[in-house]
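There are 2 protein chains.
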Amino acid sequence: MHDTTDEKFIETIGLIWQAEGNPRIAGQILACLILSDDPRSLSEIAETLGVSKASVSTNVRMLEARGLTEKVSRVGQRIDLWKAVPHPQGATLRAMSQRFRRNADRITEIAHDFGPEARGKQDKVAQFGDFYRSSADFLEQWADQLDKAAPARTTAPHIEDETENHG
Amino acid sequence: MHDTTDEKFIETIGLIWQAEGNPRIAGQILACLILSDDPRSLSEIAETLGVSKASVSTNVRMLEARGLTEKVSRVGQRIDLWKAVPHPQGATLRAMSQRFRRNADRITEIAHDFGPEARGKQDKVAQFGDFYRSSADFLEQWADQLDKAAPARTTAPHIEDETENHG
DNA sequence: CATATTGTTCAATATGTACTGAACGAACTG
DNA sequence: CAGTTCGTTCAGTACATATTGAACAATATG
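From first to last, the protein sequence lines are chains A and B. Heads up: the first sequence begins at 1 in full-length UniProt numbering, then just goes up one per residue. Heads up: the second sequence begins at 1 in full-length UniProt numbering, then just goes up one per residue.
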């Protein structure tokens, strides 16, 4: 099934992501970049995973939006190189937190829709929403904690000025 | 779109569950039972949600396995009545925790597969697994805290009888 | 300008699985 | 025993969406 340990890791992370309701390829890309020491181009990733460049393009940007991958621009190079962020834990938790908070808001809004005549339902729904909200708070707090513990990155995008001066 | 606030809640929870990679109907059933003061029969639930009894049967038992619903047996009554557990938060967190722990185990195992000659990869993968494991610990701890804070049920709803083998 | 390379967009397809209907078994009644 | 009612199982279908191929835009070179 798995030829190499690399592939095993890539496929496992892909399956885990899929089980969480995400595209499998997104997880595979992340795993691929985590294993790689150097940033990889879109084409390299696509070939490694045996998928289309279109998928990689879409999903690597989704990962970027979640704060899990970064583009590494090289001066004088048009090509986009991608790397996994050094400590993805904080971003992962923060993404979860945001989802929870959105859910909390939606549910709380519904709780308000229940008039005072349905006090019982209103309370139960509100309680449900509160749970989501406190979960969001909790996860966010934890993410902060992790990010503090980990060597902090500056938010500025990393630029390799590895310019080889052409003759 | 939504006729009643009840339906709005039911559909919203269904969508949230679906976004998490679960069957939508499972979330709808849970929402339905949360809104209901009295336990509901399988047929009632099916009619309320406009879905087949087969789906309700399957999903309500999935919810039970996760500790979110309970069967209420009545003496001299063959019919199964279902209710949502009083405080589903703990069970929700515990289910998440278990998923995280399974993921952690799988990843750690892969980390071991990397020989010492691939120290860099081994470390990165192990770190990844550790994150999942500490997340699992964290969630479980929190679940305990919530369950302690909430009025304890007299009947212990332990679902942990299933021995968790790593294999 | 033409040509080459790279990344994105989007309609079409492939794929997984949620959901259903029908058949079945179990538990009760008369 | 035959006749109901209820829950589960399972093969088949429907449906959502992940993924692709091709067209396109953008950027560079000469």
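Treat the hints with care, since some could be wrong.
When chains are identical, the list treats them as one kind, so a pair holds in a single copy or across two.
Said to hold, decoys possible - Here are the computed lysine to aspartate or glutamate pairs in the DMTMM-like style, where the Cα-Cα straight-line distance is at most 25 Å: (1) LYS83 / GLU47; (2) LYS53 / ASP6; (3) LYS8 / GLU109; (4) LYS8 / ASP105; (5) LYS71 / ASP113; (6) LYS124 / ASP3; (7) LYS53 / GLU117.
Keep in mind that the hints were calculated from the coordinates and are not lab data.
Hints, verified against the model:
1. LYS83 / GLU47: Cα proximity of LYS83 and GLU47: one copy only (16 Å, versus 51 Å across).
2. LYS53 / ASP6: Intra 20 Å, inter 44 Å, cutoff 25 Å: intra-copy only.
3. LYS8 / GLU109: between (44 Å within a copy, 10 Å between copies)
4. LYS8 / ASP105: So LYS8 and ASP105 pass the 25 Å test across copies only (14 Å; inside, 39 Å).
5. LYS71 / ASP113: neither (44 Å within a copy, 30 Å between copies)
6. LYS124 / ASP3: For LYS124 and ASP3, the Cα distance is within 25 Å only across copies (20 Å; inside one copy 51 Å).
7. LYS53 / GLU117: Neither, since 56 Å and 32 Å both go past 25 Å.
Going down the numbered hints, you'll see the structure goes against 5 and 7, while the others check out.
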